[in-house]
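Asks: With chain A held as given, fit chain B onto it using these hints.
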Amino acid sequence: MIRGKYVTLRGLELIDAPEIVRRYNDLEVRRFLLSVVPISLEEERDRIKRSWELRRKGEYYMFGIELNKPKRLIGTCGLERVSHIHRRAEVSIAIFNKTYWDQGLGTEATQLLLHFGFNLLNLHSIWLAVFEDNRRAQHIYGKVGFQRVGTRRQAIFRDGRYIDMYLYDILAEEYRHQLERGTA
Amino acid sequence: MLLAGIPERDCGVIIMLKGKRVTLRGVELTDVEEILKHFNDLEIRQFLGEAIPIAKPEEEEWVRSTWAQRREGRAHVFGIEFNETQQLIGTCGLHAISPIHRSTELGIAVWNKDYWGKGLGTEALRLLLDYAFNQLNLHRVWLRVIEDNERAIHIYLKVGFQHTGRLRQCVFKQGGYQDLLIMDILEDEYHKE
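Chains A and B, in that order, are what the protein sequence lines are. For the first sequence, this note's numbering gives the first residue as 3, with consecutive numbering after it. For the second sequence, this note's numbering gives the first residue as -4, with consecutive numbering after it.
Next comes chain B alone, as it looks inside the complex:
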């Protein structure tokens, strides 16, 4: 039986995650313009790996791919919406979900710079971790972060991630190599927080 496109076996999953100041919701095709406006900005992209421009159809394809991956339980991608203005200010998600090992890679970007420094990314992160551990029943959430992204590392540590690895000179950006840090949090650590 299909209920709103969700296989019966996985019913009971909450699709929209409401926080005090931000809400995580699925991304729609109508979001593409707003995403690209910010995403094709070098200052944003310097923390997110390759800084190569993206075209609108490419981004639309990406939005569609998030729906398919969500249906199949391979990834859960959300837009981060600011509650006060209902404006989309970023995206985040749980990627490469391995159901047997119950592990997922987390990614997050508040790509609208006007909303930096207000703790909104922290709240989005907490909503995402709650979803990962309490709804998706995962065992481990991990992430990669470039070593010079100190603001992000600070937030990850604050919500309970540990720094568990370093891939040396893994990322080339703006003329030089940077290390990529691996951080992770396990379910029992999360529940202790």
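With the rest of the complex left out, here is chain A:
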């Protein structure tokens, strides 16, 4: 469990499934997520169980984002595709409860993920892909120290057209450097 001032990252439990399914089956929430296909309660329970196994194997660390006060699950995030040889992982994150958008909670969750990845998993590089028109997320990633390093052209088909995905990454030394300067 990784505790921040406003949110805590914790493992997911089966009792979280109904809230996740209810919130994720909303196209506005999915607007900037990779899949727009509805999920069922049973599928989500299976996904949570699978996340425990992948966590044991060190391949994927999935967390729930819990608001500290009041205690409430407002999103999920994780480090996926962990490669131990190359020491890198991909960030995925979503605040699925729209009430809590634009309050800096995603920023803190992303910072906690970076702390987990660099200080606890001993990773060398953390990267992510973000929709070209997801300005809010891009702003957050830039703020916590990611750099935009490339574009996957027309990588996603959404709402009748292809859109680009921007690639961002941050290296361990950059993370440590900005911690020292107190800018993270």
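Incorrect hints may appear among the rest.
[Stated by the list, open to error] In silico contact screen, one side only, chain B against chain A (beta carbon under 10 angstroms); selected entries: (1) Q81; (2) L131; (3) L133.
[Unchecked claim] Far from chain A, some chain B residues (derived; all Cβ distances over 10 angstroms): (4) I39; (5) I95; (6) R97; (7) D183.
Simulated from the structure, these hints should not be mistaken for laboratory data. Fair warning: this is a prediction, and the values are worked out from it, not measured in the lab. For every residue, glycine included, the Cβ atom is placed at its ideal position computed from N, Cα and C.
Replies: Just chain B, lined up with the frame of chain A:
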């Protein structure tokens, strides 16, 4: 995506390590007979912990387990093959890999006595260290060696290991206790060598 059984995330790993006189390659079921011929020999086993005989199915199971551990990145076990005759003369490996701490325990045995004293173990060791630091991106390689195995200790020191610990009277062999030495080498020391 799977490429020859290697998860996409860890592609780029070299599976066969070719040296001038020896090559490190994965172990196969067809190697079992040769391994057992030598491994069930007390003179060999006196340096390797327990000197209890091994049966063929047990050894086959061990060979299979090395494949699974290699796939999962928990251990990388190799046979040591003599280039000139393509004969298997020993085994070695990186065990108990901890991905977060980036540490692994090295083990090596040239169990065919005809090939002792020719520097082949030293070359195998160098190939294994290169693999550990330059391919697997590890931070620390350590090993255990029984104190009376002076030949091995000499080789370990030669390739850059340091003697960093001693577990007193840790091993009982041939009627008496022996200390077990801990030796290790860190990545920056390796790259300085």
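Asks: Please settle this one: B:I95 was flagged as non-interface, so is its CB more than 10 angstroms from every CB on chain A?
Replies: Check fails; 5 angstroms does not lie beyond 10 angstroms.
Asks: Grab the minimum beta-carbon distance between B:I39 and chain A and tell me whether it stays above 10 angstroms.
Replies: holds (33 angstroms)
Asks: Could you let me know if the closest chain A CB is still more than 10 angstroms away from the CB of B:D183?
Replies: With a cut-off of 10 angstroms, B:D183 remains clear of chain A, as the shortest Cβ separation is near 15 angstroms.
Asks: Does the claim that B:R97 lies outside the interface with chain A hold up, using a Cβ gap greater than 10 angstroms?
Replies: Not fine: 6 angstroms to the nearest Cβ puts B:R97 too close to chain A.
Asks: For the hint on B:L133, just tell me whether its beta-carbon gets within less than 10 angstroms of chain A.
Replies: holds (9 angstroms)
Asks: Hey, does the B:L131 contact hint survive, CB to chain A under 10 angstroms?
Replies: holds (6 angstroms)
Asks: Using Cβ atoms only, decide whether B:Q81 comes closer than 10 angstroms to chain A, and label the hint accordingly.
Replies: B:Q81 check fails; min Cβ-Cβ to chain A is 29 angstroms, beyond 10 angstroms.
Checked against the numbered hints given earlier, the structure breaks hints 1, 5 and 6 and satisfies all the rest.
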